[in-house]
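K.L.:
Listed here are the chains, written in short residue letters.
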Amino acid sequence: MATKYILAGTQQHRIWKYATWGLFIVVVMLVAFAYVDTGTIDIGDNSYNLSMIRIAKAVSFGVAILGLQCVVGFTGQVALGQSFFVGTGAYITAWLVADHQWPYLLTLVVVVPACFLIGMLLGLPALRIKGLYLALVTLGMAAVFPSIVKLDAISDQTGGSGGKSTAESKLVSPEWATSIFDGIAGVLQAVPLVGQYFGDGDLSEREADRMWKFVLFIIVAAICFWIVNNLVKSRPGRAMRAIRDNETGAAVSGVDLAMTKTLAFGVASALGGVAGTIYVMEVGIASPDDFTQLLAINLIVGLVVGGVGTLSGAVVGGLVVVLIPDWAASTESVAGVPERWLQGPTGSFLLGVMLIFLTFVMPGGIVAGFRKLRARYVQVVPRPPDGSVPAAFAAATAGPATDGEAMLSNESDDELVHTGSDSGSNDE
Amino acid sequence: MDLFIQRVFDGLANGSAYALIAVALVLIFKATTLINFAQGEMAMLGAFVALQLWYWGVPVWIAVILAMLFSAVLAAGIERTLIRPFDPKDHLPLVIITLGLFLAINAFAGIVWRFDPRQFPEMFPGGNALDIGSRGLSWFAVFTIILTVGVILLLQLLLNKTKIGLAFRAVSSNLESSELVGIKVGSTLQFGWALAAAVGTLGACVYVANPLLSLEPSVMLRVLIFAASAAALGGLDSIWGALVGGLAIGFVQSLLVQYIDFIPSEMSLAAAVVVLLIVLLFKPAGLFGTASVERV
Numbered sequence: 001m002a003t004k005y006i007l008a009g010t011q012q013h014r015i016w017k018y019a020t021w022g023l024f025i026v027v028v029m030l031v032a033f034a035y036v037d038t039g040t041i042d043i044g045d046n047s048y049n050l051s052m053i054r055i056a057k058a059v060s061f062g063v064a065i066l067g068l069q070c071v072v073g074f075t076g077q078v079a080l081g082q083s084f085f086v087g088t089g090a091y092i093t094a095w096l097v098a099d100h101q102w103p104y105l106l107t108l109v110v111v112v113p114a115c116f117l118i119g120m121l122l123g124l125p126a127l128r129i130k131g132l133y134l135a136l137v138t139l140g141m142a143a144v145f146p147s148i149v150k151l152d153a154i155s156d157q158t159g160g161s162g163g164k165s166t167a168e169s170k171l172v173s174p175e176w177a178t179s180i181f182d183g184i185a186g187v188l189q190a191v192p193l194v195g196q197y198f199g200d201g202d203l204s205e206r207e208a209d210r211m212w213k214f215v216l217f218i219i220v221a222a223i224c225f226w227i228v229n230n231l232v233k234s235r236p237g238r239a240m241r242a243i244r245d246n247e248t249g250a251a252v253s254g255v256d257l258a259m260t261k262t263l264a265f266g267v268a269s270a271l272g273g274v275a276g277t278i279y280v281m282e283v284g285i286a287s288p289d290d291f292t293q294l295l296a297i298n299l300i301v302g303l304v305v306g307g308v309g310t311l312s313g314a315v316v317g318g319l320v321v322v323l324i325p326d327w328a329a330s331t332e333s334v335a336g337v338p339e340r341w342l343q344g345p346t347g348s349f350l351l352g353v354m355l356i357f358l359t360f361v362m363p364g365g366i367v368a369g370f371r372k373l374r375a376r377y378v379q380v381v382p383r384p385p386d387g388s389v390p391a392a393f394a395a396a397t398a399g400p401a402t403d404g405e406a407m408l409s410n411e412s413d414d415e416l417v418h419t420g421s422d423s424g425s426n427d428e
Numbered sequence: 001m002d003l004f005i006q007r008v009f010d011g012l013a014n015g016s017a018y019a020l021i022a023v024a025l026v027l028i029f030k031a032t033t034l035i036n037f038a039q040g041e042m043a044m045l046g047a048f049v050a051l052q053l054w055y056w057g058v059p060v061w062i063a064v065i066l067a068m069l070f071s072a073v074l075a076a077g078i079e080r081t082l083i084r085p086f087d088p089k090d091h092l093p094l095v096i097i098t099l100g101l102f103l104a105i106n107a108f109a110g111i112v113w114r115f116d117p118r119q120f121p122e123m124f125p126g127g128n129a130l131d132i133g134s135r136g137l138s139w140f141a142v143f144t145i146i147l148t149v150g151v152i153l154l155l156q157l158l159l160n161k162t163k164i165g166l167a168f169r170a171v172s173s174n175l176e177s178s179e180l181v182g183i184k185v186g187s188t189l190q191f192g193w194a195l196a197a198a199v200g201t202l203g204a205c206v207y208v209a210n211p212l213l214s215l216e217p218s219v220m221l222r223v224l225i226f227a228a229s230a231a232a233l234g235g236l237d238s239i240w241g242a243l244v245g246g247l248a249i250g251f252v253q254s255l256l257v258q259y260i261d262f263i264p265s266e267m268s269l270a271a272a273v274v275v276l277l278i279v280l281l282f283k284p285a286g287l288f289g290t291a292s293v294e295r296v
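If you're matching them up, the sequences are chains B and F in order. Per this note's numbering, the first sequence runs over residues 1 to 428. Per this note's numbering, the second sequence runs over residues 1 to 296.
Bound-form chain F, shown alone:
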């Protein structure tokens, strides 16, 4: 029983980090119907920037916020220079560009920070919030979940109560019509990318701040797959769906794989891919997404 509770908490903590990256994927997908394969790597780069700032003596939270700003500016630049010139309906060039970014950013981080794992500073107080038997709910898990829900609430406020949020929703609902009513589509999409990169960076920081994990250039390779499954499960255009999906994938990883004997523990990634496959095959809109209707 103790072990079970422990795993529930682990699942929640990991799931929240997946949810944050999934939210980043969803934001870009909502705006441009593009899946950004480089999202995980951009987030990893942001986490490294935060770490570097912390090495230079900046307090950890300020470092994370500065890194989020840096990622936002970088992503806005990437959108303007590399993504906008291409037709959003033609997928192959965009996949190739994001894969190119994936390789380049991954290698860049490898060149600058090398491949040895580095401990990320603690963002939350250590110790346990709640002791149950020999196990406990760590403050890390509690704060991660609160932070994730808080970020998503803020995003909802931003999208629903501000002018730029309204423009963003208009663009994601109908690009051509919003252009006709005078919304600057380009800068709105740029805003979406910046927002996504900032949220993704926060997600990566939270993920590697887990005392059990450390930061290295390849840390997000797997997380991207988990986050993509989470986003697909929740519905690729639903932000709350990303939270639910992220937690669900976290639970799949920590519970199902541990308790069902015939699934060996190395298969958590495979389990995520299978979830992704099943969702896309049988309910492409996910749990909360808008079903797309196509005229043929």
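If we strip away everything but chain B, and leave its shape as in the complex, we get:
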């Protein structure tokens, strides 16, 4: 198939962009309805769980990784302590819900500003501490979090080493939402051939609650992604990327280093807090051992495996970090592998190996690999700031589209960074 070229900023490009994201969301919702209750896929003798608990956790981790994208991916500060903020958000939510009977979503009003401020505060030392030292300090911070919440002085609020449970207040799907879910499920079940995969009859109460939670998570996460997408394309976002690429150069060009870095830390921490809220909404308990430095490292794995400096990388990363350990744990027999190897932390082992392997063969992560593949079929050509049609594009579309490939760099395909050049780049 010949490569198809699309000029950035045209109608065609917009349709293409929204169509792909729309397709992604439709697939997510279809999977959700298909697997709302007993999501298992059988391969060989093993059954793999795909149920919503996993997916919801993946949404939570995806948002946390999105925060890491801001500070590591876009600002270039090697901060590893995201689990600290996920934990903070989780505990604030658990405390407000369990002790003060707040509705879950309302706690975001406290979580987001609180985590933002804490993040900015803890980001201040990062103005002096750089590179590996920063990585070390932030990893230390992540390691300290469990012992902070276990402190006797605040154990009334945090529940000590047992954790803070919010099991008493359940998130119940409202009537209208339940009926909508039932309607959709009914329509899907009526589809010939594939209808059987969507169960039968109305959703049970449990299924409806789960679906409601899932829809809420998706909406919260979508808002987070939308905000970050706009942030990185705006003036502070460009300042962040300038710092990542060349700090001295950015300072010379008038970027306020201190301000931008603390802002990046604040945003990252706020997103970590949101991730914590989602986590508690799904799991129903915030316990100290969930937020150790192992979580911090896992989130870094997600960041790198998904793709550093891309928003879609956060989605992929969240899924990978949750699903791989889970699937590894449910794999009970594989031909040629001793059973002992399949019990125990096989998932973490795979993640570690995958991290090293991908750093060698695919430094841009899975998203970069996917883009490389896609670039063979569809390429988005950025438009120069003056609005003219680039020569390479004209040549590629006019002649047989074979030689054009060499002239177009893959980098121009970075849809989340370079889009909107017709309106965004030349407004300063």
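Simulated from the structure, these hints should not be mistaken for laboratory data. Do not take every clue at face value.
[As the list claims (entries may be wrong)] Derived list of chain F stretches under chain B, where covered just means 3 residues or more per stretch with a C-beta under 8 Å from a C-beta of chain B:
no., stretch
1, 32 to 46
2, 220 to 231
3, 267 to 275
[To be verified] Heads up, simulated DSSO-like pairs for lysine-lysine below, C-alpha to C-alpha not over 30 Å straight-line:
no., chain 1, residue 1, chain 2, residue 2
4, F, K89, B, K130
5, F, K163, F, K184
6, F, K89, F, K184
7, F, K89, B, K372
8, B, K130, F, K283
9, B, K4, B, K17
10, B, K150, B, K170
11, B, K17, B, K233
12, B, K233, F, K89
13, F, K283, F, K89
14, B, K233, B, K4
15, B, K17, B, K372
[Unchecked claim] Residues from chain B shown here face chain F by an in silico Cβ test under 10 Å; the list is partial:
no., residue
16, G76
17, V78
18, M141
19, L151
20, V304
21, F349
22, F360
Using N, Cα and C, we set each Cβ at its ideal position, and we do this for glycine too.
Mind docking chain F on chain B? Use the hints.
P.N.:
Relative to chain B, chain F alone:
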């Protein structure tokens, strides 16, 4: 008073183990300005190998030495295959590689040896060397300190009196110039990694040989933070600094945290992180390190 003396001794014993891991961190930092996040896990793996050899009937000291050799070979391999291909000035990929090693080694030990704590064989005679009131200075503490100082003296001899030591110092002082005068930089760095892993393994063995502790895959998670604070406090490129830093962190852990009321006892790790933070903020070169001067 008895309790105080007891805690001084505890601090010394723990501090020496931290010092050994800190020395391992310092060796790698000196050579490559890289902080090896997997150092603690590599040391833990070495300790497990020693334990396994001991299960198979090897005398404990020979088992430890064999485990040190194993770790050295493993680390040399890791340096050659995973670290050398990357530009030492670009930190993110190297951090990621060492974090990947951290996860993989931790999980590997969990798969092979499971997570239940195991008692490490006694490396030193039990009992007390010195009784003061109801408390005493255990032989364990005495030997740990002697061993640590001995290892550091040996390292100093190795670095200052041998040819490979000279090459190592040259490489850590100026990589490009030493390459120009014909030093094989690659194998010298490999030597640094091997040495560091061997010292780290010894540190982990000594740490878990403490009768109060046992060996399990996550035992070094906290120790790495303590050791990193120790190394930073002493100066990340000073071997004697690592000893001083290790002992200081040991004392912070056993004395300050116990005697100052408003610091609860669970906060010893937090205290170490705070020390690390303060050192890096106000005196990045540490107590004995070389201050780095950067041309801008």
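K.L.:
Tell me the hint numbers this structure goes against, listed in increasing order.
P.N.:
none
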